Amino acid sequence: MTQPPVFAVVGHPNKGKSSVVATLSQNDAIAIALEPGTTRQRQSYPMTVDGRTLYVLVDTPGFQRPRRVLEWLEAHSVSASDRAETVKAFVTQHQGDGRFTDECELLTPLIEGAGIIYVVDGSVPYSAEHEAEMTILRWTGRPSLALINSIGSEDYSETWQSALGQFFQVVRKFDAVRAPFEQHLSLLRAFGQLEPDWEQPLEEATGFLSEHRRKNQSQAATLIARALEDMMAYREKRTLTSAQASGISDEQLAEQLRDRWYRHQRQREQTLRTDIEHLYHHQRIQRQEAELSWHNEHDLFSEDSRSTWAVSRRYLTTAGFGAGAVSGASIDAITLGHSLGAGALVGGLIGAAGSYFYGDRLMLPALNIGVLKDGFKTATFGPVQDSQFGYVILGRAVDHWWHISHRNHAGRDFLDLEPADHHWLESLDKPARQAIQLAFDKCRKEQSMDERQRHKFIAAIEQSMITYDDWRLNRA
Amino acid sequence: MTDTPLRLLLDFDAFSQRDHHQPPAFLHRRDRKFALTCEQQGRTPNARLWLEHMARLSGPGADRSAGDKAIRLWRRINTGFVLVGGLLGILTMLGLLFYDGGQRINITAFLAFVMLQLLLALFTTVQSIAGWQPWRWLTKRLNRGSTSDTVHRLQPALMARASHLGGLSFATTGLLTLLVMVVVQDLAFGWSTTLNTAADRYHQLILWVSVPWHWVWPAAVPDLALVEATRFFRAGGQSNAVNPEQWGQWWPFVVALWGVWVLLPRLALSLFSALVIRGKARQLLNNHPAMHALMYRMETPTIDTGNEHNDAGDMPDTSTPTGLSPLPASNLILAWAGADKPELPQGLMGPDTQVFGAGGRATLAEDHRAIGHIAEALAGQPGGAVLVVTRSWEPPTGELQDFLETALETWPPHVVVHLVPLSPDPNQPPDDRQLRQWLRFAHRTGGDGIGVSILPGTPQDPYVIREQVL
Chain U
0 MTQPPVFAVV GHPNKGKSSV VATLSQNDAI AIALEPGTTR QRQSYPMTVD
50 GRTLYVLVDT PGFQRPRRVL EWLEAHSVSA SDRAETVKAF VTQHQGDGRF
100 TDECELLTPL IEGAGIIYVV DGSVPYSAEH EAEMTILRWT GRPSLALINS
150 IGSEDYSETW QSALGQFFQV VRKFDAVRAP FEQHLSLLRA FGQLEPDWEQ
200 PLEEATGFLS EHRRKNQSQA ATLIARALED MMAYREKRTL TSAQASGISD
250 EQLAEQLRDR WYRHQRQREQ TLRTDIEHLY HHQRIQRQEA ELSWHNEHDL
300 FSEDSRSTWA VSRRYLTTAG FGAGAVSGAS IDAITLGHSL GAGALVGGLI
350 GAAGSYFYGD RLMLPALNIG VLKDGFKTAT FGPVQDSQFG YVILGRAVDH
400 WWHISHRNHA GRDFLDLEPA DHHWLESLDK PARQAIQLAF DKCRKEQSMD
450 ERQRHKFIAA IEQSMITYDD WRLNRA
Chain X
0 MTDTPLRLLL DFDAFSQRDH HQPPAFLHRR DRKFALTCEQ QGRTPNARLW
50 LEHMARLSGP GADRSAGDKA IRLWRRINTG FVLVGGLLGI LTMLGLLFYD
100 GGQRINITAF LAFVMLQLLL ALFTTVQSIA GWQPWRWLTK RLNRGSTSDT
150 VHRLQPALMA RASHLGGLSF ATTGLLTLLV MVVVQDLAFG WSTTLNTAAD
200 RYHQLILWVS VPWHWVWPAA VPDLALVEAT RFFRAGGQSN AVNPEQWGQW
250 WPFVVALWGV WVLLPRLALS LFSALVIRGK ARQLLNNHPA MHALMYRMET
300 PTIDTGNEHN DAGDMPDTST PTGLSPLPAS NLILAWAGAD KPELPQGLMG
350 PDTQVFGAGG RATLAEDHRA IGHIAEALAG QPGGAVLVVT RSWEPPTGEL
400 QDFLETALET WPPHVVVHLV PLSPDPNQPP DDRQLRQWLR FAHRTGGDGI
450 GVSILPGTPQ DPYVIREQVL
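Sequence lines, in order, name chains U and X. Numbering that gives the first Met the number 0 applies: residue 0 is where the first sequence begins, and numbers increase by one. Numbering that gives the first Met the number 0 applies: residue 0 is where the second sequence begins, and numbers increase by one.
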C-alpha cells in the first residue's frame, strides 16, 4: 500500500500555520495564540476514512534561525544536486541542539517526503526576512504551495503573490478563519495537484468531506426536530399533598411551575446547542446568546425575541390552513372520497382560523391547576399552546446552526448570536410550512407523530435551514 | 438468541436504550467497523447479525438476552390468562349444563353464548389491529418502570394474543367439561324461545350453524324430527310424549358447536395474533429510530479529520512583566531585517545619526561587521545607547536573539540597548498585542539590559504616559 501524502505546514513564526491546520483538520483544540513559538513541536493530523489515511497535515514550529541554517547548508553543499541531502544532513547533525529545535522539527517531515505548505500573513507588508527560509525550503526539493493567510485587516497580498511566485509552484490565498467550506475543499484539491500520486487520495478525501458535510446538515435537522418535539410537548407537573397545597397560593404555584418549565426549556435548548456544535466538531465554543426569557405571565418571550423570531399572522394563517387541510384530508380518505374534499377544506379553514386567532398573541393557556381531590392537588404547566413558541425556538436553532456550520475551527472569538433582522421563514415553501405547523399542532395536542410525519417534519426543518442559508447569502 | 422477530425487536430496543449513553463518535466507529467486517465476509449487515455480534463480543456471562425481561413479563401475563380462562371455561360450562332433572338445557341459550364468544374474539382482534388499548391500566401496572415506546406500540397485539390464549384455554376446558358431563350425567337438551318460531325455521338455523361440520360429522346435525320433538315450554310442565333418550341426542351438535364456533376461532385467531405480532415487530424494528441511526452509522464512512489532538490548554505564557521605556537619545541606529526600508522615521534621525543594517537579507558576516562598527562608535561615547529598529509585525526570532546576545557581549557593559518596533504606518504606534510580544522578548533576552520604546509623539503612548505620571 502506498504511503498517504503528507503536507507540512511551515513558515515564519506567528503567521497562522496552526490556524490553517485547525481549519483543515476541523480541530478547535489546537493551541492558537498571537505569540511566536506557540507551536513547539510538530504535530500530525491524519485525515482517515474508515481507518484508512488519505492525507496527513503536519503543523510545525516557525523558522527561528533560517540564515544560520542556510549558511550551514551553503557551506556543506557542492552542487545543486546535493541540496536535499545536505538538508537531511543538517537535521541529522543538529538533532538535540537546542538552537535548532524548531528547524529540525519543521524540516524532518520534509526530508521524510512531505509536501510543503508555506504560510505567510498577507495582511502585513512583504519582508525580505523570509527569503532565507524560502530558499531552505526550495533546497529540500519537495513539491510546494504557498498560502497567503490574512490575520489582520490590511491587504498586501499582491506583493506577496509576486514574491512567493518565485519560490513556490502554486500560490493561493486562504483566510483560515473566514474561508467558506468550499474553499477548504478547493485548497485540498490544490494540494493534490502538487504531485500526480496525490491527486487521487485528495480527490477522494474532498468527496468524503463534502458528503460528510451534507449528512451533517441532515443530522442537524434531525437534532433540531427532536428538540422542537421535546420542547413543544413538554409539560411540567407537580402533585401536592393537602398540607403542601394549603401552604401555597395558586399564584405562587403557577409561578413555580412556570419557572421550572422555563428552566427545563432553556436546558433543553442548551443541549441542542451543544449537540449541534459537537456534530460539527466544535468542542470549545464560547457562546453569547440572549436566553429564553419572558416579561410577564402572558408573554413567553421578551419583546425582542418575539419581533425577531416569531412569524407573522399571515404566515401562521396559511401554514395553519395547510396543516388543517392535511388533517381534514383523512376524513376524505375514510369516506373514500365521497366527501369530495370537503374534509380538507373544512380542516383547512379550522386550522387557519385557529392560527389566525391564537397566533401572534403569545398566549399561554397552558397552566392547569386542579382542585384538591383525594388529598392531592395536581398542577401542570404545558404543553405550550402557542405555536409561536416553536417558531422562536426554530429560528434561534437554525441561526445557531448556521453560525456553527460556517465557523472555521481556527476561529477563537466569542460566538455572538445576534438576532436576525428579518422574518426569513417567510420564504419557506408551502409544504414545508405545513409540515412544521402540523408537527407543532400534534405536540400541542400531545399526539405523537408517526414515522412519515416525523420524516416530513425533519425534511421541512432541513428545507428551512437551506432557506436561511440562502437568505444570509443574499443579505450579505 | 434472537429467534423471533419479537425477541429481536425487544433486544434491539433494549440495546439501543443503552447506546443513548455512549458518545456518538464511538457508536459510529463501532457500527461502521461491524458493517465493513460484514462486507468482507460477503454478508449483508442487519439487526440480527448486529445483535449477535454484540453478544459475541460481550462474551459468556453477559445478559443472554436483553429483551428477556419483557418476554418473561408477557409470558407471565399469558400464563395468567390461560389459567383464568381455563378455570372460567370449566365454571361456565358447568353453569351452562346445569340440569336438575326438571328443566331442559336450552340450545338457544347455548347458541347465544357461542355467538357472544365469537363476537368477543373478533372484537379482540379488531381492537388489536386498530391499536386500541382498553387494557392499558393493567399493562401499565404490570410494566412499571419500562417506558419504551416500542413496547408501548406493541402492547395491543401482545394483549390480544394473551386474550386469545385465555379464550383458547376457556374453550378447551369448556369442551372437556362438556364431554365429561356427557359421560357422567344424563343431559337433557331442548330448545325454547318466546318467539313464535316454527320447528322448521329453527331447524334451518341449526342447519346453517352446522354447515362447517355437516359433511364431516353428520351425526352432529340434528334432523327436523329431533328439533320438532325437543321443543319445550317452561310453563307447559313435563312432556311425556318424548322419549327421554331424545333429549340427550343433541349432545354431538353441542360438542361440534362449541368446538367449531368457540374453540376453532380462538385457535385461528391466536395463530393470527402471533402472525400480527411478528409482522408488527418486523415493522417496528424497521421503523425504529435507533434502526435508522444504526443503518446510517453502518452506511456512512467514519471520517476522522485529525481533530482528537488537544493542546489548547498548553498555551505560552503571555504575561508581560515590563512596560515601555522612554526613548533614549542616541545617534546609533541598527535597522534589523530591513526596517529602514524605505526610510526611517524623521523622529529618529539626527544630524550625526549613524544607521547600520543587520538581519533579513544581510549575511551573518555582515551582522558581525555591524556589531563591530557600533562597538567602535560606542568606544568614544560613555553612557551611549543603541536603538535597534524593528518591524513590529514581524515577530522576534532566534536570529535577533543571537544577534543581541553577541552584541551585548561585544559592546561596552554600560551601553543601553533599546528595541524600537515600528508599525507599518510610521505615524501610528504599533499594535498593542505586537508591542507586548516585543516586551516579552526583550525581557527574555536581556533582562533589564534591553528596553523597548516607541517613537515619541505617536498618539496613544500609554506606557510612557503611565511612567511619566508615576
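Bear in mind the hints are in silico, worked out from the structure with no lab data behind them. Computed from a predicted structure; not experimentally measured. Treat the hints with care, as some may be off.
[As the list claims (entries may be wrong)] Within a straight-line C-alpha distance of at most 25 angstroms, the following computed SDA-like cross-link-like pairs (lysine to any residue) qualify:
1) U:Lys455 x X:Arg296
2) U:Lys214 x X:Ile128
3) U:Lys214 x X:Asn286
4) U:Lys444 x X:Met297
5) U:Lys214 x X:His287
6) U:Lys444 x X:Ile128
7) U:Lys214 x X:His151
8) U:Lys444 x X:His287
9) X:Lys32 x U:Lys444
10) U:Lys236 x X:His151
11) U:Lys455 x X:Phe25
12) U:Lys455 x X:Thr36
13) X:Lys32 x U:Glu203
14) X:Lys340 x U:Ala242
15) U:Lys455 x X:Asp148
16) U:Lys87 x U:Glu194
17) U:Lys444 x X:Phe25
18) X:Lys32 x U:Thr1
19) X:Lys32 x U:Arg213
[Claimed, not checked] Below, a sample of chain U positions facing chain X; criterion: calculated Cβ distance under 8 angstroms:
20) Arg41
21) Tyr44
22) Pro45
23) Leu56
24) Arg64
25) Pro124
26) Thr134
27) Asp415
From the three backbone atoms N, C-alpha and C, an ideal C-beta is built for every residue, glycine too.
> Which of the stated hints cannot be reconciled with the structure, identified by number in ascending sequence?
Replying inline: Hints 2, 4, 7, 9, 11, 12, 14, 17, 20, 26 and 27 contradicted; others consistent.
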